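*Asks:* Below, each chain spelled out in residue letters.
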Amino acid sequence: MKNKTAILIAHELKNYFHSATAYVVLVVFLLITGWFFASPLFLVGQAELRSLFSTIPWIFLLFIPAITMGSITKEKTSGTLETLATLPLKESQIVMGKYWAAVLLTLTGIIFTLVHLVTIVLLGSNIDYGAIFCGYLGLVMIGAVYSAIGIFTSSLTSNQIVAFIVSFLFIFFFVIAEFILIFLPGPLVEVFQYLSIGYHFSNISRGVIDTRNVIYFLSLIILFLRLAVVTLESRKWK
Amino acid sequence: MIRIDNLTKYYGSVRAVNRISFQVGEGEILGFLGPNGAGKSTTLKILTCFLTPTEGNIFIDQYNIYENSTKIRELIGYLPENNPLYLDMTVYDYLRFIGELRGLSQTVFNRNLRNVIDKCGLTGVVSKPIHTLSKGYRQRVGIAQAILHDPKILILDEPTAGLDPNQIMEIRDLIKELGKEKTLILSSHILQEVQAVCNRIIIINKGDIVADGTIDELQSALQGKTRLNLEVIAEGFEPEELKSSIPKLDILSISANPYLKKRDDIEKEQPDNLYLVVEYNSEEDLREVIFNYFKNHNWTILEMHREFMSLEDLFRTLTIERGVA
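Protein chains in written order, with the numbering used here: chain B, 1 to 238; chain H, 1001 to 1325.
These aren't lab readings, by the way, just hints derived from the structure by calculation. Don't take every hint at face value.
Claimed, not checked - Label pairs and their calculated CB-CB ranges: (1) 108/B <-> 1108/H: 32 to 38 Å; (2) 27/B <-> 1165/H: 34 to 40 Å; (3) 92/B <-> 1005/H: 50 to 56 Å; (4) 34/B <-> 1169/H: 57 to 63 Å.
What the hints assert, rightly or not - Going by beta-carbon spacing under 8 Å, a handful of chain B positions derived as facing chain H: (5) 9; (6) 11; (7) 87; (8) 89; (9) 108.
Said to hold, decoys possible - Straight line, CA to CA, 30 Å or less: simulated DSS-like cross-link-like pairs of lysine-lysine: (10) 1071/H <-> 14/B; (11) 1071/H <-> 1119/H; (12) 14/B <-> 1295/H.
None of the values given here were measured: they were computed from a predicted structure. Backbone N, C-alpha and C fix where the C-beta goes; we use that ideal spot for every residue, glycine too.
Assemble the whole structure, with the sequences as input and the hints as a guide.
*Replies:* Pasting the structure below:
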């Protein structure tokens, strides 16, 4: 007997690749990241991944809500949520199936950017593999957090556009938090700094893997997935 | 087998189901009848653990929906209202997906699949994407999905809604077939459907159960009187004489039979070929007395049949008139 979450993940991934979603999203993602990698390479003659690591979190801001906006909303509009929820499944299994599929699709995008790493290995010297590894680890973490937020917002509504915009706003808050610090009164600064994704990401991508940062990412993931499960369960007593 | 106990469900401040209780025995085919918005689907959704009741509980054997929701969902096969399906998938992939989520092993799945495809008449369409299928076939896929794990209890929420008359007949035949081996609850707002398929009916209106029983029981319970339609050839028939010989009988109408008119009837004031509609109290069967009355006069009874109040009348009485009152 196969693991039910695994069955749901496979089902979800098939859906992504059966429809145009996966292809469109991946192609656009690779075009944009390709541009951000290639332009310094040819214009400045600099072969590095730093610009890639700093732009991908921004690209994910659009890319991941686009992946997740349909994941639970579509089940709601088509009514198949009722089929799923009346099978002997737990809500958490449904949410985890959706979540891991979104993370795996994001990961596919990240893996494709390894082409740029190959370019650098071929062209450059003095490559700091440790920093690159940490940068990628940071990207994966960010992708995982954004996906959790996206899954949560798609559980809130049965309208894909609303799901997209709300998850964009949620993620935008965590991204923008570090840029509004100067406008905040003293006591709030630390709170917002701790909340901002950029603060933790920059730590990791500098090559410092601190448990504080890892705990930050993990707690956001768990929080939003838990919220998604609660939202799904709330249909029962509404 | 299924015991619904004092079930109440509020959506916000709107009451959908109001303290309903009933039981369903093993092998019963129960028709759950009511106008749209009566609380049928809500009850079924609670039974399938999609919703939680505001109050009350449902027991299936020794399990209940609060503590054994997973077990209950394993026991039940469910076709939700509007038959939601993954339209992009092929019939096979869809059934396989459901089978895997139901935890069926490969051998059990293969055996059940063959069985289900056979029963639901899906042989020619197994490898087709669901969105290419007609509504009737989609309904069969929905039912196939519900019976794939060979559940003891089958719940179908408006299984024939939106189908054409031929498809409705096909689906009804399928349901009748399934009813032979399973405990079946079927919801509908169409009377003929329930009448054709079910052996017991529960009528629900505005969240309350307004009737519960077999079709015959419901009809005679509501109608204290039996109406008899007679077609006779009676020369020199006098209504007063009939009334005085059988005082318990009410004659509702007498009319000439237009189809059996003899030529010489036209001149007569009182024609021989008559339609009679009479009524008597249901507690006492007067058919034999009436027959003997005509026999003693050497008259002929061409036809005699009881007329039950149609289920439609019953339904309307229960759901509209009482609802207004």
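*Asks:* Check each numbered hint from earlier against the structure, then list the numbers of those it violates in ascending order.
*Replies:* Violated: hints 2, 3, 5, 9, 12.
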